[in-house]
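Chemist: In the UniProt record's numbering, the protein residues as written are 1 to 234.
By construction, these hints were calculated from the structure, which means they are not laboratory data.
Fair warning: there could be bad hints in the mix.
[To be verified] Simulated restraints, written as ranges between beta carbons of each label pair:
| id | residue 1 | residue 2 | range |
| --- | --- | --- | --- |
| 1 | L93 | T11 | 18 to 26 Å |
| 2 | I204 | K58 | 13 to 21 Å |
| 3 | E223 | S110 | 26 to 34 Å |
| 4 | G51 | D30 | 17 to 25 Å |
| 5 | N45 | I204 | 15 to 23 Å |
[What the hints assert, rightly or not] Mimicking DSS-like on lysine-lysine, the simulated pairs with C-alpha atoms at most 27 Å apart in a straight line are:
| id | residue 1 | residue 2 |
| --- | --- | --- |
| 6 | K113 | K228 |
| 7 | K100 | K228 |
| 8 | K100 | K29 |
| 9 | K97 | K228 |
| 10 | K15 | K69 |
| 11 | K27 | K97 |
| 12 | K99 | K113 |
| 13 | K100 | K219 |
| 14 | K100 | K69 |
| 15 | K58 | K69 |
| 16 | K27 | K69 |
| 17 | K97 | K219 |
| 18 | K97 | K113 |
| 19 | K99 | K32 |
| 20 | K29 | K58 |
| 21 | K97 | K227 |
| 22 | K29 | K15 |
| 23 | K100 | K27 |
| 24 | K29 | K60 |
| 25 | K29 | K69 |
| 26 | K27 | K219 |
| 27 | K99 | K219 |
| 28 | K228 | K99 |
| 29 | K32 | K60 |
| 30 | K17 | K27 |
| 31 | K17 | K58 |
| 32 | K97 | K29 |
| 33 | K29 | K219 |
| 34 | K60 | K17 |
| 35 | K17 | K29 |
| 36 | K69 | K32 |
| 37 | K69 | K97 |
| 38 | K32 | K100 |
| 39 | K100 | K227 |
| 40 | K60 | K15 |
Predicted model, so just to flag it, every value in this text is computed and none were measured.
Beta carbons are placed, not taken as given, at the ideal position from N, Cα and C, and that holds for glycine.
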Amino acid sequence: MSLLMVNDRLTLGDKFKGTVRYIGRIKSKDGKWIGLELDEPVGANNGSVNGVRYFHCKDKHGIFIRYEKIREGLVCEPREMGDGGKASQQAHLYEMKIKKLEETIEALRSAEKGEIVELRRENEEIKRIVLLLQEKINSKRADRDGKAYSELKELAEGSRRHISDIIGLVSEMSEALSRSGLARKKAIQECERHRVMFLVNRIIDGVLDDDAEAVERFKGEFESIMKKHGINVE
1 MSLLMVNDRL TLGDKFKGTV RYIGRIKSKD GKWIGLELDE PVGANNGSVN
51 GVRYFHCKDK HGIFIRYEKI REGLVCEPRE MGDGGKASQQ AHLYEMKIKK
101 LEETIEALRS AEKGEIVELR RENEEIKRIV LLLQEKINSK RADRDGKAYS
151 ELKELAEGSR RHISDIIGLV SEMSEALSRS GLARKKAIQE CERHRVMFLV
201 NRIIDGVLDD DAEAVERFKG EFESIMKKHG INVE
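Could you build all of it, start to finish, from the sequences and the hints given here?
Modeler: Shown next, in the form of structure tokens:
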């Protein structure tokens with residue numbers, strides 16, 4: 001089977017023939033699902049499941065099928081998109097972008113954790129060197145021309161070079177962490193922007209379907225995101 005896209009035509013056996021209107025997850029159900037708008041009224045719904053709207057179609061023209069069970073379906077030529085199809089496709093694209101951004105954020109977090117662990121290790125090494133120098137100073141109070149002073153001077157010079165190298169590494173890591181933080185902040189903002197657009201679509205669907213519960217649920221998350229950025233939408 002070819003890779004299915006929203007608005008592809010799909011034929012399943014002799015009974016179900018229609019247009020793909022939704023691809024994704026369904027609330028309270030596991031796995032990936034295909035929402036199909038059938039040409040004939042032989043379906044089970046109107047594009048909604050348990051009060052949640054996934055696409056718009058006439059009553060008994062909607063059906064949902066598990067993605068992995070569609071093995072003998074024939075993908076035909078895509079047909080012209082209506083307003084409902086465009087909204088569904090746009091929502092699906094937003095969900096894909098959100099998932100990709102979340103993966104990017106997680107990768108940045110993992111990289112940042114690794115760099116922090118390395119910085120802590122180097123910090124402990126610096127502490128160890130300082131303590132060793134203090135022990136040498138306390139245990140060898142010889143005069144400046146003595147062997148003890150020469151050993152102490154040699155140790156101090158070697159330690160100074162090592163600390164200098166560590167400071168250079170810390171500086172490079174700090175710059176990397178700074179860049180990583182900016183990238184993460186930008187990714188989070190982009191993710192929130194797409195999430196807001198997705199929520200607006202869902203709120204509009206809820207209003208059209210007279211689904212007050214869905215409207216309040218999505219509206220609450222929308223208001224929370226807006227308030228975080230100093231925008232009161234109540």
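Chemist: Give a verdict on every hint.
Modeler: Consistency of the hints with the structure:
no., hint, in the structure
1, L93 with T11: 18 to 26 Å, "25 Å, holds"
2, I204 with K58: 13 to 21 Å, "19 Å, holds"
3, E223 with S110: 26 to 34 Å, "32 Å, holds"
4, G51 with D30: 17 to 25 Å, "19 Å, holds"
5, N45 with I204: 15 to 23 Å, "20 Å, holds"
6, K113 with K228, "26 Å, holds"
7, K100 with K228, "23 Å, holds"
8, K100 with K29, "22 Å, holds"
9, K97 with K228, "22 Å, holds"
10, K15 with K69, "16 Å, holds"
11, K27 with K97, "20 Å, holds"
12, K99 with K113, "21 Å, holds"
13, K100 with K219, "24 Å, holds"
14, K100 with K69, "26 Å, holds"
15, K58 with K69, "24 Å, holds"
16, K27 with K69, "19 Å, holds"
17, K97 with K219, "21 Å, holds"
18, K97 with K113, "24 Å, holds"
19, K99 with K32, "14 Å, holds"
20, K29 with K58, "23 Å, holds"
21, K97 with K227, "23 Å, holds"
22, K29 with K15, "24 Å, holds"
23, K100 with K27, "21 Å, holds"
24, K29 with K60, "20 Å, holds"
25, K29 with K69, "15 Å, holds"
26, K27 with K219, "18 Å, holds"
27, K99 with K219, "21 Å, holds"
28, K228 with K99, "21 Å, holds"
29, K32 with K60, "21 Å, holds"
30, K17 with K27, "25 Å, holds"
31, K17 with K58, "15 Å, holds"
32, K97 with K29, "22 Å, holds"
33, K29 with K219, "23 Å, holds"
34, K60 with K17, "13 Å, holds"
35, K17 with K29, "24 Å, holds"
36, K69 with K32, "10 Å, holds"
37, K69 with K97, "25 Å, holds"
38, K32 with K100, "17 Å, holds"
39, K100 with K227, "25 Å, holds"
40, K60 with K15, "13 Å, holds"
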